[in-house]
Amino acid sequence: MTAIQTRRRSSGPASSANRIWDAGPLTKVTLAFALVLSAFPIYYMFIMATRTNDEALDTPPPLLPGGHLGENVERLLATEDAYFATGLINSIIISTTVTLSVVIISTLAGFAFAKLRFRGSKILLGSILLTMMVPLQQMGIVPLYEMMVNLGWTGQIQAVILPFLVNGFGVFMMTQYTTQAVPDELVEAARVDGASTMRIYANVILPAVRPGMAVLALLTFMQNWNEFLWPSIVLNPDNPVVQTSIAALNQAHGTDYVMLFTGTAASVLPLVIVFVMFGRQIVGGLMEGAVKA
Amino acid sequence: MTLNVDTPAPARREGPRRSSGPRNPGRGGRGLARFDLRATPYFLVSPYFLLFAVFGLFPLGYTAWVSLHDWELAGDKTFTGLDNYTELIADGAFWNAVLNTVGIFVIATIPQLVLALMLANALNKRIRGRLFFRLGILLPLVTSVVAVAVVFTQLYGRDYGMINWFLSLFGVEAIEWQNQSWSAWIAIATMIDWRWTGYNAIILLAAMQTIPKDLYEAASLDGASARRQFWQITVPMLRPTLIFVVFVSTIGGLTLFAEPVMFEGNPTMAGGATGQYQTVAMFIVKEAFRDFDMGYASAAAWLLFALILIGILINYSFTRRIGGKK
Amino acid sequence: MLNTKRQGKLAAVAVMAATALAITSCGSSEPTPAAGGDGASSAAAAPVTITVHTFGGGENFGYDEAVKKWNAEHPNIQVKYQNLTDRFEDVFLPQLLQKLQAGSGAADIVGIDEGAMGLMKARPQFFADLGQFGLENRKADFPAAKWENGVNKDGKLFALGTDIGGMTMCYRKDLFEKAGLPTEREEVGKLWPDWAAFMEAGKKFQAANPGKGDPKFLDGPNTLYNVVLSQEGPKNGNIAYFDTNNQLVIDKNPAVKTAFDTVKSFSEAGLTAKLASFTPEWNAAIKKGGFATMGCPAWMLGVVSGAAGDENKGKWDVASVPGGAGNWGGSYLAIPAQSKHQKEAAEVLNYLTGKEGHIAAFKEAAAFPSSLPAQQDPAVADLKNEFFNDAPTGQIFGASVKDLLPLFLGEKHAQVKTAAEKVLEGMDKGSIPYAEAWTKFVEAGTKAAG
Chain A
40 MTAIQTRRRS SGPASSANRI WDAGPLTKVT LAFALVLSAF PIYYMFIMAT
90 RTNDEALDTP PPLLPGGHLG ENVERLLATE DAYFATGLIN SIIISTTVTL
140 SVVIISTLAG FAFAKLRFRG SKILLGSILL TMMVPLQQMG IVPLYEMMVN
190 LGWTGQIQAV ILPFLVNGFG VFMMTQYTTQ AVPDELVEAA RVDGASTMRI
240 YANVILPAVR PGMAVLALLT FMQNWNEFLW PSIVLNPDNP VVQTSIAALN
290 QAHGTDYVML FTGTAASVLP LVIVFVMFGR QIVGGLMEGA VKA
Chain B
1213 MTLNVDTPAP ARREGPRRSS GPRNPGRGGR GLARFDLRAT PYFLVSPYFL
1263 LFAVFGLFPL GYTAWVSLHD WELAGDKTFT GLDNYTELIA DGAFWNAVLN
1313 TVGIFVIATI PQLVLALMLA NALNKRIRGR LFFRLGILLP LVTSVVAVAV
1363 VFTQLYGRDY GMINWFLSLF GVEAIEWQNQ SWSAWIAIAT MIDWRWTGYN
1413 AIILLAAMQT IPKDLYEAAS LDGASARRQF WQITVPMLRP TLIFVVFVST
1463 IGGLTLFAEP VMFEGNPTMA GGATGQYQTV AMFIVKEAFR DFDMGYASAA
1513 AWLLFALILI GILINYSFTR RIGGKK
Chain C
38 MLNTKRQGKL AAVAVMAATA LAITSCGSSE PTPAAGGDGA SSAAAAPVTI
88 TVHTFGGGEN FGYDEAVKKW NAEHPNIQVK YQNLTDRFED VFLPQLLQKL
138 QAGSGAADIV GIDEGAMGLM KARPQFFADL GQFGLENRKA DFPAAKWENG
188 VNKDGKLFAL GTDIGGMTMC YRKDLFEKAG LPTEREEVGK LWPDWAAFME
238 AGKKFQAANP GKGDPKFLDG PNTLYNVVLS QEGPKNGNIA YFDTNNQLVI
288 DKNPAVKTAF DTVKSFSEAG LTAKLASFTP EWNAAIKKGG FATMGCPAWM
338 LGVVSGAAGD ENKGKWDVAS VPGGAGNWGG SYLAIPAQSK HQKEAAEVLN
388 YLTGKEGHIA AFKEAAAFPS SLPAQQDPAV ADLKNEFFND APTGQIFGAS
438 VKDLLPLFLG EKHAQVKTAA EKVLEGMDKG SIPYAEAWTK FVEAGTKAAG
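Protein chains in written order, with our numbering: chain A, 40 to 332; chain B, 1213 to 1538; chain C, 38 to 487.
It is worth saying that the hints were derived from the structure and are not from the lab.
Be aware that one or more of the hints could be misleading.
Okay, the calculated beta carbon distance ranges per label pair [unchecked claim]: (1) A1438/B with K484/C: 34 to 44 Å; (2) V1384/B with E237/C: 44 to 54 Å; (3) A374/C with T1298/B: 35 to 45 Å.
Here chain A is said to cover these stretches of chain B; the calculated rule only asks that three of the stretch's residues, wherever they fall, bring their Cβ under 8 Å from a Cβ of chain A [unchecked claim]: (4) 1271 to 1284; (5) 1479 to 1488.
Note that this is a predicted model, so its numbers are computed, not measured.
Yeah, the Cβ is synthetic: ideal placement off N, Cα and C, and Gly gets one too.
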């Protein structure tokens, strides 16, 4: 199977013998349609952010940008009680911290599970797989809340950081990735040269699993950027994360549609920009990660 | 970096796929090296297990303990045995939430998988601007859950929403999407699908590209149609990836929370006047943080866990059967 | 800290608990890192920030101007006023209770609707005793019933009144004109002396608006229901869902049944826009003219003007309500016991519930003052509401609250209200058949009462 694969890779995405690899008109229409559907809600979000509240309720709804973006942004930032800027900053801090932690811890554990032999490793890895099925958000809600109350951490962002510092999916993914990305021979060769385990980790493993780490980082960052349930319970309205801040806007200023949409657009803008800038790498990494993991 | 290891392509893998470590560990005789070999692995995995013990295992056990009590946040805690569970099993509201959760999951996941397969198949063809298309369908993933819900809730608005306006062009009366289960389920399912279909398509596409083309060529020579090739070759070969995708969707789907909460507009956790779209996660939060019945909420959380296990088992056995005749 | 008895038990139950508890104990002995929080826990150095959390749609408590003025005059006590949500019973109240129970996270001053005062009176541990800050001397400022509601079961003063509801009927002048109904507020009031006449007017309005996209006569079930309940309650022992012994009487109080039946009849006649109040769609319909009338306590005027926006100035007007006087709503301010700046908070509370604060709130959000000096002040009595076609709201509400007797609301009033009104919404929207609605209504209320 490996041999076949190699040949396919070398012979390009398709061999001319089989016409089914040519995109027919149906394929093109499907893809164009999917593209429009994918882009439309985001487009609509930005359109609404440039309109007035009256226009927002028109039927049919406006489909072209208006000229009110500036005033909507001003109003959003002037709406102190949504703490939108605080929410953005908190989310960046939380997502970055958690991402760093998950990536580092997962890479370490992934290395051990993939390339080292130790007693109980199978059981430990199996237990991680099991824990992936535990709905921690729901099952942890009561005890974690009591824990944060007792620590006096409710309303503070470490309450949102701590429970997410590890993630079974990350370990599982890095184990799979490391298994396939690093040939055992390299590890053995380094051993023979007298390298310690940590040196092997630093010199052999880390350089090889970087693409996997990038994918894991992206997924973890997004997951934490989107965290909603737990922050909405443990944080207070004056120190929100970006998602709860939008929810607060939606609640307290639900009639100001265009301001709400301006906030929503602002909350997705950073990720969309990163995505457009590194799109090629992200798609490449996701696909590679998917095959290896 | 002394050892120059470039990003390995799958072809570089020569050895057996499953290998749990070097064949010849610990040739060095010195104590330090032996200690390194023996102890370092545990040191490497320990951060995960320590943190998980505190923020994963402990809450699990504690939730089980709480679920055996009539437990108030700052008030009395009375041991009640399995009362919460027996009460839950007889609680229509809980089963309503289960039904909603499963209903939304089913009508979200099945079309999503089919669409993702179709999209992956389309993206696997020779077409100009491949990267552009891939980026395009992946774009929804990088938006945020709450943002998606805000936009879609607006689009689904009864009086001023774009979807009802569009339907009205065909003479359909304005639908209040929140009002019945079926419409609310559809609305919420579209939010989920919009965000995840592209991602799953990319994952499936990656797997599709590892399928040897020779298989297709042989089939073509035998005169199999493209459609037949898709169902007889592509889908069966994607099985492991499909299992993975379904596994992840099951967990995500059964713990659904943000979309229905935002769809309601106000975080009452009720999911509509008669709980038309209250999910189990909302039920748990409502019991714990709206009605302050922590014990009841904890019992519901454990039943949710059971539900997820059952869901995964069912999906696994179902997905395993895909292309089983191959 | 988790209490020790529980710790012992826990350790026996699960081994892993030990790890966690060890960590919890470590944590409590360390200073709490101050990541992010900019709330009341900041150092004692001046200036002190007092946070005020309220609820309500539109202009809600109407404290923007009052707070601005206070902050300008008190550089050492800066007030931060934040309206959290439109909804009291099912969002603001549980979130407040969560924070009161947790012992942190509540604002220095919190708004409480009358519907939850029974609950709060029974929980003296949650709130600061305002008597220690000398606020007992405000007793003469308030009607007896409003004052008594702010005294907890231990006899301590814990909350002071803000506004009082009263009752009128808001209507869309432009829609009335189009439907051929009178538009001047006196004539409109004469049009509907009672609910039967209101129904007739509604049918006339709807006949002129037969189309699918046309406006409806009424918004939905909630407002109408609360108006009728507030009128019928005083005729039936001055209670709503609970009798004065806190026993649930949802199925026995004729006032509840009358209110329910009234809503049902209007809904069945197709006169409602099927909108639940305090939802985005409801707000949008206020703005866009999706319905023509709505029961309006004083504070509701602020909700309407806030939701409709300045561009709709003059389209809404206010007339007398069918069926006579009643009181729906009206709120209180209290200081949670967890507040670190109770003394300063008490000064702010005294200001906001004083004559000046009440008058400012009335100007801004039409919240009619519960304090007697404010009511008698010409600034209130002579005030005309610009948004509502210069309606003399001071006069209108002053008259409507005169002989007002607030209902007794039991400890779980808010919970029962929420659950029961959900059934009304379901009935109006068609997800609960009319024939089953009353049974479901009683069931839901009973379940919520626990």
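A quick look at each hint next to the structure:
Checked against the hint of 34 to 44 Å, the pair A1438/B and K484/C fails, with Cβ atoms roughly 58 Å apart. Range check, V1384/B to E237/C: about 33 Å between beta-carbon atoms, so the 44 to 54 Å window is missed. For the pair A374/C and T1298/B, the supplied restraint of 35 to 45 Å holds, since their beta-carbon distance comes to about 37 Å. Evaluation of the coverage hint for the region 1271 to 1284 of chain B: fulfilled, as 6 residues show C-beta separations to chain A shorter than 8 Å, against a requirement of three.
Under the rule that three or more residues need a Cβ within less than 8 Å of chain A, the assignment of the region 1479 to 1488 of chain B is violated, with 1 such residues.
When held up to the earlier numbered hints, the structure conflicts with 1, 2, 5 and fits the remainder.
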